[in-house]
Amino acid sequence: MSQETAPPDIMIDLVKVTKVYPPEVQAISDISLTVAKGEIVFLTGMSGAGKTTLLRLISRIEKPTKGMVEVAGIDVAKLPQGNIHQLRRKIGMAYQDFKLLPDRTVADNIAIAMEVVYRPRSFIEKRTRALLGQLDLVKKYASPAAELSRGEQQRVAIARAVANFPEIVLADEPTGNLDAETTEKVMNLFHQLNRQGTTLLIATHDQSLYQQTSSRVIELRFGRIRSPLSDPPEDTREETAASSLYPSPEA
Amino acid sequence: MRFLTVVLQHTCRNMLFTWKSQIMTLFTVSLSVLIFSFFYLIYSNALHVSQELGDDLRLIVYLDENPAPAMQEQYQMKILKFDQVERIEFISSQQAFKRFEQQLGDNSDVLTGVPADFLPPSIEVYPVRSLDSLSRIKRFSDYLQTLPGVIKVQYGKEWIERFFSFIQLMRVVIILSGSLLIMTTTFMVAHTIRLTLLSRQQELELLRLVGATNNYIRMPFLLEGALQGFLGACGGIAALLLLFNWIKLQFAGPTTLTLLPFTFFPWPIILSIIGISTLLCAAGSFSTTRRILHL
Chain A
1 MSQETAPPDI MIDLVKVTKV YPPEVQAISD ISLTVAKGEI VFLTGMSGAG KTTLLRLISR
61 IEKPTKGMVE VAGIDVAKLP QGNIHQLRRK IGMAYQDFKL LPDRTVADNI AIAMEVVYRP
121 RSFIEKRTRA LLGQLDLVKK YASPAAELSR GEQQRVAIAR AVANFPEIVL ADEPTGNLDA
181 ETTEKVMNLF HQLNRQGTTL LIATHDQSLY QQTSSRVIEL RFGRIRSPLS DPPEDTREET
241 AASSLYPSPE A
Chain B
252 MRFLTVVLQH TCRNMLFTWK SQIMTLFTVS LSVLIFSFFY LIYSNALHVS QELGDDLRLI
312 VYLDENPAPA MQEQYQMKIL KFDQVERIEF ISSQQAFKRF EQQLGDNSDV LTGVPADFLP
372 PSIEVYPVRS LDSLSRIKRF SDYLQTLPGV IKVQYGKEWI ERFFSFIQLM RVVIILSGSL
432 LIMTTTFMVA HTIRLTLLSR QQELELLRLV GATNNYIRMP FLLEGALQGF LGACGGIAAL
492 LLLFNWIKLQ FAGPTTLTLL PFTFFPWPII LSIIGISTLL CAAGSFSTTR RILHL
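Protein sequences, first through last, are from chains A and B.
Per my numbering, the first sequence runs over residues 1 to 251.
Per my numbering, the second sequence runs over residues 252 to 546.
Isolated chain B, as found in the complex (with noise of 0.2 Å):
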């Protein structure tokens, strides 16, 4: 217990010893964590849309005539040797008019004399709801091309490419973002702790000759560490739900937004955001310490 107070009281001290580079160090720390976890915001919500995209990635394959059971077998064994296929279905010329019939409703009677086998027949597959099988939705759909008796794919291709490409780009930028957070965190905290240990040099030598732990030397730089961390990651993610909410304010009304599931992170993610913030900021604090200390 007097070890924590003492701890606590040198980590204040330190704090407040070197406050302006303390201050420089959050405000770092908040940015990167901003940067990072509103470009993952922004791809969490993509994630999520590409998994209520529901009827829009069902991929139709147009036959030119029905199917033999025989040959449905084959399609089906086809097409389902690929894991990323949730499930298929044959729609025959038959029940494809009378989903066109359903579909007109009060206008169905536009339909008088035309024959019941006008539509051609199709397999609908619906691939799983997953990115992985997003960006395999157009080579798959140029296998399924290739398919014999095949006349025609379809699916909202311009859209889900464009998608594709969006979910790519935010990947790139999460990962650059991401390297940010890791290099901000790891090598500003380092540098205040640096500076922090440079500027009680004279005080951390006298702790050794009167008889300090290695321990009690090390963990108020530890503590410091982390506490930046944890700090700016508290920031960072304050900032970006003020920015969430802002956004949410500004395009509130029949848009795109009120469409689209546009949510904040769940508590498991903001803790793992500000966990991992803090760890980092303790490793580079920890690294520094070892480095001058040579503890």
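If we strip away everything but chain A, and leave its shape as in the complex, we get (with noise of 0.2 Å):
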């Protein structure tokens, strides 16, 4: 006898997203993809593949020229300049360019994040304080970001992402200057959020990172999705051609 379950939430929806720069750049073309709410999901592909454009039109940085983005229900093209705010304080982006300010501290560059939702001074500073302890950065508290090595900077970038517990985290290349301890002090910071429920779509190029987990793994390759490397979650909406092609490395 098969259970019915309901399908769980869906907290992105692409469906069948081009994007094209100009004058004919196609960065992304046709993709169609789901995350489901609380699901780690893996993008790969080479340099140039659209692993950063697919996160940049998710935040909304970009328009995409063809197709739907939605996420936590919002229809991102549709949304009204206005109230991006709403889309942006659900997702937390860690940028492959850090996007630090140089010349503030370390915890002036993560509180930026809870500042501009107004949480009160004393979360600011706890939190700051307890993400620089996990990510091994309490004595750059003070520091200038222009003062850090590039692996510090990116640690920075991260901590601020996931500072104001967001629904949705976007990394793209997070652990691309940081050594295997560091890496996993990272990876480790990403699941306690995870199992708090956040999405999680990490772009990378980083296979350690998903070589050994059950997360979805989707290859991108010339702007289109090659193939997931391991199956969808479970009651998923069915995703792209092949989606389910290859077996889970762990299965």
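Bear in mind the hints are in silico, worked out from the structure with no lab data behind them.
Model, not experiment: these values are computed from the prediction.
No residue lacks a Cβ here, since even glycine has one placed at the ideal position from N, Cα and C.
Please note: incorrect hints may appear among the correct ones.
[To be verified] Heads up, incomplete: computed chain A residues facing chain B, CB under 8 Å, no partners named: (1) 85; (2) 117; (3) 118.
Assembling the complex is the task here: the two chains are given apart, and the hints tell you how they should meet.
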């Protein structure tokens, strides 16, 4: 007897999304993808495959040329300029280029995400210290971001992305400059957030991040989804073509 | 409350970040307010003076003979049809003689033997005490001259004409300095805000990415503009007050200034100047923020 369960909440839903940059650079072609609430999805692919563009489309830094991008029930392309903050507050994004303010301290850089939602000072300080503790950066609390190494800057960018307990974390090459030990700390932080219900979409080249997990892996090639390297989670909506060709590494 | 605290923090940070251009802007706004309010102070005092002129503004229309009651009525009708006339008064030769006698006082005996009707009858025309009537007094006197039986029209011609020219000049200067005030406050503030915006572009982009509302981004710049306008205007008014007191001190004594009512602005005018300057600067900031941030 099969037991019917309600389909899990869909957090990110892309339907036939295409992004063309002028004059005619096709960054993403006809991508459909569904990510369930609380899921961890790894996006892999060569440089220029469209990983970053995909993340930028989800966070409405870019608008799709064609197709629909829906995040937490919000059709992001139709979101008026004045309401984009509603979407961005649901998303924490760790950028590949970090987007840190070099003249501001590490604490200030992390606090900025919490300040815009008017978190109390005491909360901001407590949360900042906790994150810096988890990412081994406690001593850098008052250091200007410009004085940090690239690995440290990367961790600050990650701390800022997760500081506000966002519903979705989009991480673009989050461990690109990190050693194995620090990478593990970052991943522990991500998994901790995931256990609290956060959906994670991680764009990475680092195979070690997803080889030992049961999370879904999606490979992008020339702006298209080539094939997922693992099965989608149960009850998620049907994905793009050939979405279940590859078994999970753990299977 | 938290919103206000954050906005204030950002505003202070912005202002500290570009303190050099902030000082330049404050200085420029203060100077513009000082120039404008200086001329406005002279103008408003001149207006005061024109109201204090009293009898000096009276026109005396000398007639060749005492007008009969019917003629008096005609004169009255023709003169009072001008809305700038407050009242008129007929002075017969006898009344003029009595006045003259009173003016002479103890020396009135010099009039012994002089016939009581040796002075010509006249009509005293009292115009409304305003600058408008002052500006028309010459033309009005020319008109009175054309009335039948009029020998001569007399008033402090030269003095009033000079005074009127001065007032006209003041009006032009006030318009020019007012334009200067508008231009400097809006343009200088817009320029400073632009510098701040450009120097903080990276942070503003980040604020948008982490979910800041448009108001969160915009308000510190609006407040910065308004503060520049407020502080600049306060500085300008304070400088004017110092200048005013210095002038009063320098010219204290039995001179013209003690005779004329030379007063500083009342509070409503001071607050209006500060308010207008604040609004203009906030408007300058608003337009720049809108243009550069596309908010």
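Against the structure, the hints:
A distance limit of 8 Å between C-beta atoms decides the matter here; for residue 85(A) the minimum to chain B is near 5 Å, and the interface restraint holds. Proximity of residue 117(A) to chain B holds as hinted, the smallest CB-CB distance being about 7 Å (cut-off 8 Å). A cut of 8 Å between beta carbons decides the hint on residue 118(A): the least distance to chain B is about 4 Å, and the hint holds.
In this structure, every one of the numbered hints holds.
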